[in-house]
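A.B. asks: The lines below spell out each chain.
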Amino acid sequence: MKGVNGKLPIRVSVRRKIFPAVGTREAQLVLKDVSFEVEPRSFLVITGPSGCGKSTLLNIIAGLDTDFEGVVDLGPAKDRLTFIFQTPRLLPWRTVYENIALVLPDGDPRLARIPEMLERVGLGQAMNAYPERLSLGMQRRASLARGFILEPEILLMDEPFVSLDDPTATSLRELLTELWHSHPTTVIFVTHDRAEAIQLGTRILRLAPGKASVAQDVTINLTEAQRHDRAAILAEQNRIFAA
Amino acid sequence: MAGSLLALAVLWYVIAVYAQNRYLPTPLAVFDVLLREGANGELWKNTSATLARVAVAFVVSMIIGTAIGLVLGRSKPADKFFDAWLILFLNLPALVTITLCYIWFGLTDAAAITAVALNKIPNVAVNMREGARSLSKDLDEMAKVYKFGWWKTLRHVTLPQLAPFFAAAARSGLALVWKIVLVVEAFGRSSGVGYRLSIAFQEFDVTTILAYALAFILVVQAIEFAVLQPLQSRVTAWRR
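First to last, the sequence lines map onto chains A and B. All the letters of the first sequence, read from the start, carry residue numbers 0 to 242 under numbering that gives the first Met the number 0. All the letters of the second sequence, read from the start, carry residue numbers 0 to 239 under numbering that gives the first Met the number 0.
Worth flagging that the hints you see were computed from the coordinates, not collected in a lab. There could be a bad hint or two in this list.
In the BS3-like style, the derived pairs of lysine-lysine whose C-alpha atoms are separated by at most 27 Å in a straight line are [to be verified]:
1) A:LYS77 with B:LYS143
2) A:LYS77 with B:LYS44
3) A:LYS77 with B:LYS136
4) A:LYS77 with A:LYS31
What you are looking at is a predicted structure, and each value in this text was computed from that prediction instead of being measured.
Kindly generate the complete structure, drawing on both the sequences and the hints.
C.D. replies: Shown next as structure tokens:
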């Protein structure tokens, strides 16, 4: 099946993922029969309560966790994958600029675009600062810039805006939307924040608590304008999560 | 710091003058010997011989100790198996390794340096094992996702995390190594500060003993301040 733009969708099919027993803790079934496809350049949000296996699923898709039963087929896009982690994961002993430059090969033409990218995420002044001297919000911006400088085909994000104050989270969400529009890419975004899920996504996949499987798979019907309208977001949220 | 050292010197001077004993010379007498030994070339000859041994033993122990520490820190089975060995070598008295090395390998510089290194290696290994254990899995995954490759990962992710442990091992290492080198020299070498001290001991020449001790402390302090401390503050410059 060919997707939009002549590109292949991402296929994820996890039959079983178990955390093995450690010490006195029993083995735990984390994911069971979680299968879905993601259309190219769509924005899939995966939600569900904490502990339902969202992050584990993302690690499996990213290839960081290979100990599972099932198949992940990212197609040719797999070489252009970026993962924005829940914590910024910047190298504290390298400056903001160096942290971003390090993800590019030596002599890459994109190196010249780093200052512009940092300007865009509001870090133009902090280019030569060490990450630990910046606020968490600023570190998150740097981590977004690092991911976007690669112009990824697939962008995985694991609750990238959690534990930020409201205004900061909102401005980062707007930044993400803006970056996504200027460079469309397939996004898989994990969050437990329902409003965030509705505002950002084109489709929602809900994982069921305790059952370790998919509970619901719905398309979000919002226009671009409605995504800035709290009432519209709330209405859509009620429609989807009431089910 | 200068004030407190000066106070110590004054205290020493007062006690020495009061005691009037040939086994407790005044700081001035010690300084005189220091000048005499410096003028006739003995001080330089012995100090440089000792420093050369310290340098070689230090470098060898740092390299081997680091390698062992990293392997033990990264591999659980290796750590489980070799932990007992490490504890054994950590508790082996320096005197035992020194006498055994001289008996087995002869009274040579190689035996002397081996003995010193054997005393220091377990210490470095324990330090570096701690460093290897604390390597961040998060940053490792980041390097993997962003396709750093092994060289970039080593240089920008792994080594900077190990640097503080390495610096700590180096500083405590220098202090330990030079003390053991003196013992090794006193036992079975015919040059170096340790050798000179053992001669002075046979003559009960306390003034010379103190003069050499003083000279060597000054040299080691100079290395500490001029090399190790700047190095440590450089590798930790990024800290808040």
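A.B. asks: For each hint, tell me whether it holds in the structure or not.
C.D. replies: Hint check results:
no., hint, verdict
1, A:LYS77 with B:LYS143, "holds, 13 Å"
2, A:LYS77 with B:LYS44, "violated, 65 Å"
3, A:LYS77 with B:LYS136, "holds, 22 Å"
4, A:LYS77 with A:LYS31, "holds, 24 Å"
The structure fails to meet hint 2 from the earlier list, while all remaining hints are met.
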